[in-house]
Structure formats: C-alpha cells, structure tokens
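Student: Those sequence lines, one after another, are chains A and B.
Following the numbering used here, the numbering of the first sequence begins with -7 at its first residue and continues without gaps.
Following the numbering used here, the numbering of the second sequence begins with -7 at its first residue and continues without gaps.
FYI, nobody ran anything at the bench for these hints, they're computed from the structure.
Careful: at least some of the hints might be erroneous.
Partner residues aside, some chain A positions facing chain B, computed with beta carbon under 7 Å [claimed, not checked]:
1. A102
2. L105
3. M141
4. A166
5. A242
6. D308
As the structure is a prediction and not an experimental result, all values here were calculated from the model.
By construction, the Cβ of each residue, glycine as well, lies at the ideal position given by its N, Cα and C atoms.
Number of protein chains: 2
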Amino acid sequence: MSTHPLEELLHPRSIAVVGASSSGRGGGFVNPLLEQGFKGALYPVNPKYTEVLGLKAYGRVRDIPGPVDFVISSIPAAGVLQMIADCAEKGVKLIHLFTARFSETGRKDAAELEQEILRQAKKAGIRLIGPNCMGVYYPAEGIAFNEGMPKESGPVGLASQSGQAVGEITGNAAQRGLRFSKAISYGNALDFNECDYLEYFTQDPETKLILLYIEGVRDGPRFLKTLRAAASVKPVIVLKGGRGEAGTRATASHTASLAGSREIWNAVVNQAGVINVTDIDEMVDIATAFQFLPEMRRANVGVVGGSGGSSVMAADLCEEAGLNVIPLPDEVRQELKKQGNAIWDWIGNPADFSISMGDESSADAVTKLMARHPNFDFIITFVSGPWRRDPESFSLEKHLARYSLNDIANKPVVMVFQDRPRYPGNSDDMAEYDKIVEQMKVKFIQDGYPMYPNIKRAASAVSKMISYYKKRG
Amino acid sequence: MSTHPLEELLHPRSIAVVGASSSGRGGGFVNPLLEQGFKGALYPVNPKYTEVLGLKAYGRVRDIPGPVDFVISSIPAAGVLQMIADCAEKGVKLIHLFTARFSETGRKDAAELEQEILRQAKKAGIRLIGPNCMGVYYPAEGIAFNEGMPKESGPVGLASQSGQAVGEITGNAAQRGLRFSKAISYGNALDFNECDYLEYFTQDPETKLILLYIEGVRDGPRFLKTLRAAASVKPVIVLKGGRGEAGTRATASHTASLAGSREIWNAVVNQAGVINVTDIDEMVDIATAFQFLPEMRRANVGVVGGSGGSSVMAADLCEEAGLNVIPLPDEVRQELKKQGNAIWDWIGNPADFSISMGDESSADAVTKLMARHPNFDFIITFVSGPWRRDPESFSLEKHLARYSLNDIANKPVVMVFQDRPRYPGNSDDMAEYDKIVEQMKVKFIQDGYPMYPNIKRAASAVSKMISYYKKRG
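Using the sequences plus the hints, can you model the full thing?
Tutor: Have a look at this one:
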C-alpha cells in the first residue's frame, strides 16, 4: 500500500463540484462522476440552481450538510479565495482547480492571486491539484472528468500537465485497449507537482507502467532523482512539451512552465533509463506494447498475412525500426513441402500470400510453423476487413474464421490492421465494412492482442519496448 | 501532345477482358470499366459463359466481331501463349497481364514461359503491361481496375510496380482529394519498364506531379538519366520497396526484382533531385501539399486553433520538421489590443484558444491578422468536430460557421483535423459526430485545402515541399 499523501486524498468519501450546472463544463464534471458511478456523496454547488442533473444543489460549500473531502472548482478565478475559506471551514482535504487564468496569463495580478491561493490552502491544510487542468480519472473510485471514459481499471498510470493531452491520451489509449489505474492532469503544478505525481505512481501497486506528459520542471535535481527512482522499478514513457524555442514560449503561456533545452532534456531522460517520445501516437503505441506483450529481449520477427508490395514495405520498415526480419528457416520450408503446400519454395519472411490464390490454409500453416520455430521471437500479422466482392466472408464470424490464432498462443502476436483500398463515395458499402472492422478490432483487443494502424508504428513500438528490456537486462 | 508509345496505346477503341466472370477478380476488371463508363466496346471473354455482367461473352479473343485494341488477361499463366496467338490474329496492340506466377515464383519453367511470352508478343507487335499487376487507371478514358475509383481526373501520375501499393496509394490519395491523370501498376516489368512509365509521365501534359513505387531497376544508368530528366520538369516522389536485406529478398519473390543497397539508392535519388519517401502515408502527404499548395520557398508558419498541450506540441513538431514557428509580431498584438481582445497580451504563435473561454471571434481575429502580416508565409489551422455538449454547434452548417476562412484566402492554409477525446462504447453519439466530421473534411477538401490527420504529418509534408522548391530555386 502506498503511503504517499495522494493515496488517502484520492479515496474521498464525497465530492463537491463548485460552479456546477446542467450544461457546459461545470456540468461536465458532474455528469462523468454520475456516469462512472462514484459511490460517495456528490454535491453540485452553485447559488444559481437548486438542482443540477437531478442532484440537490447547494449555494456554497459550507451549506453542504455532510462532510466534504474533495472539491472540484470550475468557478472563475476571482471566486477561488472565498471558496477556499469555505472549504477550510468544511474540512476539505483536496481541491482540484479546473479554474484557470492564473500565472499562465503572464499577468502579475493573476500570478499573485495564484500564490495567495497556495498560501491560504496551505494554512487550511488543503492540498491542490492544478490550477488550469482536468483533474482526476480514477475508474476504481468512480472518478472521471470526461463522459464515456472506460469504467475498467488497468495497469497504466498517467500524469499530464495538459488537460488537452490527458483527454487525447486517455481517449486514444482506451480505443487501443489500454486501461488506466489513474490519470491525473495537473496544469500549473501550484502545490503537487510532477515529482509528487511521479513518486505517487512509482509507489502505487495499481500502476505497472507510467506515462508522463510534462511541460516544465520546477526542481531539476529532484526531478532527475525521482525519474531515476521511477524508471528503476517500472517502465516510464515521457513526452516533453516545449522542446524547442516556439514550444518553450508556448509552455509559458499554457502552464506557466519554464522549459529547458532539447539537448539537456534528452540527456537527462536517457540517463534516467526512461523512454523518450515526441508525440502522443508514439506514447500510446509503446504503452500498447508494454500492456499487451511479455518482456521481450530478442527482435527476430516473422511477418505474415501481407500481400505483395505491403510485404516488401513491411520488411523495410521492420528493419529500419530495428527488428530482424530473418529469412524463413529451411526446416519450415521443408515442412511446408511435406504438407503438400503448392508455394513451399516461394514463400519467405515476410510471408506474402498474394499468390496463394485464395488458399487460406497456406497462410495458416506458415504462421503456425513460424510460431513453432525457435528462431522466431514473435509474429506480426496483418489483419484486414472482409473483401466486398466475397459475400461469403462479409460477416464478422465468417471473416474472423480466417484468423485461427489460438494455435500460435505460444508466441507473442502483434496485429496490424491493413485497410482495403477505399475510395470516397461508396459510403453505403463502407458503413457495413467499417462496422465489421470495428467489431474485429474490439474482439482482437479483448483477446489480448496489441493492435496498430500500420506496420511502421507497430515495428517502432515493439522495437522500443525490446530495447528497453534489453537495456534493463 | 506526348509521342510516347504508351500515349496511343492508352486510348483503346475497345477492351477485352480475358478470363472474365460475373464474380471474383476477372469480373472485378469488367465491373470497374462499366462503372467508370468506358466509352469503347467492352468484351468479356470466357468459354464458360455466354454473358458476364449483362455483356455478351465470347469464347476466345478471335471470336470477337469488332477490332480489339487492348486486352486485360486474368487467366492462369498456362493459357497466356495461346491467348497471345489469338491476340496477334486480332491485331491487339496492348495486353495487360494481371496473370501472375511467372519469374516471381523463382521457378525456371515459369521464368522461361515469361520470356517466351515476351518473344511472342514482340513478334506480333503487341506491347505488354505486367505481368503480375493491376494495370491501368485512366479516369478520362473511363478505364479503372477497382470499383469506386474517382471519375474525375487530376494532376497526379502514378507508376507502381506493386498492385497492392497502387490500390493503397490511389485509395488513400482519393480520400485526401488527390486526383490522378493516370495510375499504372506494372508488376514484373517484362516489356514496358519503370523507365518507360517515367518517360511517359514526364512527357504527359496531363501529369503535373509524378509518384513512383518501385522495387527493382532493370537498367541503372538509363534509370538515373530518366529520373533526372523527369525531376528537371516535374516534382517526382519515389518510394523504393526493398531497401534492406529482408526487403530485397521480398522483392525477388514479389516482382522478380533485384534491389540494390539503401545507400546507393539514397545517393542516386538525392542526386536526381527527387523526393525520397519510405512509406505510402508520407508519399500521399507530400503529394497532397503539391496538389493543393502554391510554390512556396519560405517556411514561416502561423499555427492557430489548437488548444493547450496540442499548441505546445504543435510548436515542437513544426520546428522539428523544419518550419519556423516565429513569435507573434508585436503589430498583431497591438492590433488585437485595439480591437479590445481580452487575451491580446497572452496570445502567441501557436495561437492557443483554450483560455478564450468560448470567444470564437478571438481565434478568428488572430487568424486574419496573422494571414495579413507579411512575416507569415502560411497558416496551419486545427479544425475539429463539434463538441457534443454544445447542441448549438452539432450540425454541419452551424459548426462550419466557426471557420470563416474566406477572409484569409491571401495566404495558403493547411488544415489538421484534431479529434475530440473519444472513448469506446459511445457509438451512437459518435456515429452522428463522425458523419459531421466526414462532411466537414469533404467540404474543406472540395474548397481546396490540404487536410492532414495530425500536425506532425502536416508539418513534415509541407516542409519537404518547401525544401523541394527552395532547392530548385
């Protein structure tokens, strides 16, 4: 059990949303909590309403009858000091300030107000998340900040300085089957900062993999120490916003962060043993490899199911990403010959099935033989939607029957979805195709396969995971 | 007018599809021709049928009553010599051999049959496209090899050694608004080879931009000369399949190509002034920049419409791609102040509107002022789907009204579609959202904007186009 101060604070008995309304972003915080099934008491606070989304609303925090542990503030900045005084009276322990327009505006009075808020909160023993952020997603506690966030928990912990990024990362990740222990957006880092969140996730037994989107570091030496400590026990993937000149200017006005140089950053994170990424797709891709694949230290890949040019390009892109696309072992070829396979002398790695002339058992046989051969460490397989000219396969069940992956469960399998050529204007046909494709993806992800939109991203993500485990020995 | 031999051959009075049937790939060639509205005579040939897709079918090519200029062969390899004899008798000028299993199998008898086919065709004065390829897409002539290919012509000419790649490129390109003069897939390059197609597109007045997917080169010195000549008159984007060891093995079994080393290839194409890409997304991204943007030689970009972290990351990714994200000029800031803009002192470049608190006129004003300021060469603007919690904007018209881009037509505008956070399971809501997003994209593409799925790909593509024009001076 973690003894980090956040541990207790993130298990509130009750939550008050100050500035709640039935629509807009204030209501936006009430609705996700309702939808996520927060089990404690939930109090909308807004003097303008007597009811918000079916819940009794209160004029001020101090009007709430029961105890209030956690407050989400979506009122304008000018009202925050008064609200903190109320919270102090109520014994509130934690405030998430969605409220913005503080130091990030670059204005002196706003920065001073921010500091005064910190002083008042400290005096009252109240801890702060934010300001200028989306706050907490903790599915096991029924806490969420967006509608539709998955209710299931998972191994991924995320701290994101940006509220936009926390939405994009959790959204993209959820669609890939990634699930979160918790995700916290922390904005201007006025009280709890990047080091606190990192320490929390490092200790947290629910978190097996840490993602961090960070714009500025308040205390360089402590951050490096914290990052090293985190990376020594769990994989850490870091995306730094504000790497160059323009980005550094942007972080100042976004979260009032002082960014450093790209070179120093890269040196620091490499030294710490952290995986350094430059965009959200890359972060989610690598996290997908970590969540779904075992610890892998060798990179000999068998690539199957591509066709023609895509097999050739797959070979190039895998090699350029650092994977070894080894030649098909002669034993496999001899075994195919023994089985009477018509293209036994032609097939290679990547195994291109464009001339198998519809003989699906051929693709199947090669996949299984590759998986059984000790030279291959894992398989990347292309999957695709049903062919519209083949009405036989134009259903989820019939099409899934093409992929008999149960027999190769002894080797890790990575999936790449390869779209069929599609042109604009065939929308009726494509709606049915898209539906089957969506169901296929959901099914394969549920079955535990990492799924990528193309071979380049698959190869790069898996290769980076392998490099990580190799370095750790 | 081009005097290249392909020029006359690609305007056939009639087409016969040998091996045609009402379903499967043979029928697959008849149906696209019907759908595309080929104006000449169309003859299915198959002794098993009297009719194919409503057209009278013939037993053999020599049974066809009228003249036959162009034959598409989708019969097995064993029947090709007999078919060529028939074609010789009929005075056929061009055969596209979809038929495969020749030299790419690595088998001696298959390679010998391929050579015999070439000899017989030469003797009869018949030219060959292929074998082992998809053949010709020429919308102005009503010739297509896939269903749903756009009927409109455009400036892009494509030669692709791979049939899979020609489908993927034309499909992805069509969705981005790219349109083709013609696209030819040429497989094993038995007769016409990469140099012939390149020379054809170089001379072709309908082609303003040449794309090439190539696996092997038959004649190195001629290829280099041809590539240089092409690049001296039109932009040429080349994707080489078979750059590494595994890819080279794969090209041999795919199109019987002998690939060279990655280093030699890179040296050759750079020397020739060609744009060298490594995957299809990159090829289509850069082609989109060339088709939609004017000749640009300076890279000072204004980035607008992002929000929070995405603005910060946009700055980083633009700079890392080679664009200059210049600071917002003071004149623009002073003008915003004069207009009474509440965040005049806060806004920068990228212009982040996350604290504009719904004041859309602010985004609008900054965009226009950036576009008018001489320091900016072009604008990258984020567009996104409507916010589900804002029923007001949840229609195409109302949502499009947010983007008043008419007033900034004096500067090139590049669009990046930024998805809203989406989680699995909200499919009903999302279907409506997706529909609006799809319509938005179609509208903006029709209006002539290059559209990218993310800022990284947008910045990289535009930067590469600018580098190309700068080099050419």
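Student: All hints are to be evaluated individually against the structure, with a verdict given for each.
Tutor: Evaluated hints:
1. A102: At about 10 Å, which exceeds the 7 Å cut-off, the nearest Cβ of chain B leaves the hint on A102(A) violated.
2. L105: Interface hint status for L105(A): violated (15 Å vs cutoff 7 Å).
3. M141: holds, 5 Å
4. A166: The hint holds - A166(A) has a Cβ within 7 Å of chain B, the shortest such distance being about 5 Å.
5. A242: holds, 4 Å
6. D308: Holds, about 4 Å.
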